[in-house]
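J.: Using the sequences and the hints given, assemble the complete structure.
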Amino acid sequence: MIETTPSPLNCYKNLVLEALRAKARWPSSYRYDEIPERISIETLERFTLEKEDGGWSFFLTFKTTEPLMPNTMALPPELRLDDPMTAFLLGAQVICELATGSGDLPFQTVGNKIFLATVGPENAVA
Numbered sequence: 133m134i135e136t137t138p139s140p141l142n143c144y145k146n147l148v149l150e151a152l153r154a155k156a157r158w159p160s161s162y163r164y165d166e167i168p169e170r171i172s173i174e175t176l177e178r179f180t181l182e183k184e185d186g187g188w189s190f191f192l193t194f195k196t197t198e199p200l201m202p203n204t205m206a207l208p209p210e211l212r213l214d215d216p217m218t219a220f221l222l223g224a225q226v227i228c229e230l231a232t233g234s235g236d237l238p239f240q241t242v243g244n245k246i247f248l249a250t251v252g253p254e255n256a257v258a
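Counted from 1, the sequence shown has number 210 at position 78 by the numbering used here; the numbering is strictly sequential.
Treat the hints as calculated values from the structure; they're not laboratory data.
There is no bait here: all hints are sound.
In silico DSS-like cross-links for lysine-lysine, where the CA-CA straight-line distance does not exceed 27 Å: (1) Lys155 <-> Lys245; (2) Lys145 <-> Lys245; (3) Lys145 <-> Lys183; (4) Lys145 <-> Lys155.
T.: And the structure:
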């Protein structure tokens with residue numbers, strides 16, 4: 133569940149990656165060649181949500197070894213959103229694109245709740 137006012141300390145990276153893993157979509161050998169190597173699923177450190185300038189944005193923070201190089205991806209102020217769930221879904225789509233080459237989300241949502249359904253053997257444990 134995404135809170136209506138989530139703390140900027142909450143990190144959602146593992147939630148998205150574990151949902152991709154449960155759907156057998158990650159790990160993947162996919163590598164998006166159009167962006168710098170420093171922006172990849174391997175260098176992704178955090179996925180957070182924050183309200184700034186009256187709107188919500190996702191923030192993807194990447195490891196960087198180059199001084200003074202930008203390491204965060206977020207929505208510009210003019211594109212900030214009305215609610216954190218929409219910001220979460222956009223950030224999750226970016227993560228899915230980096231990890232698999234597809235922005236398709238591995239889960240469904242209803243309101244601010246996230247649902248993951250998998251199909252497997254009768255005795256499978258999720």
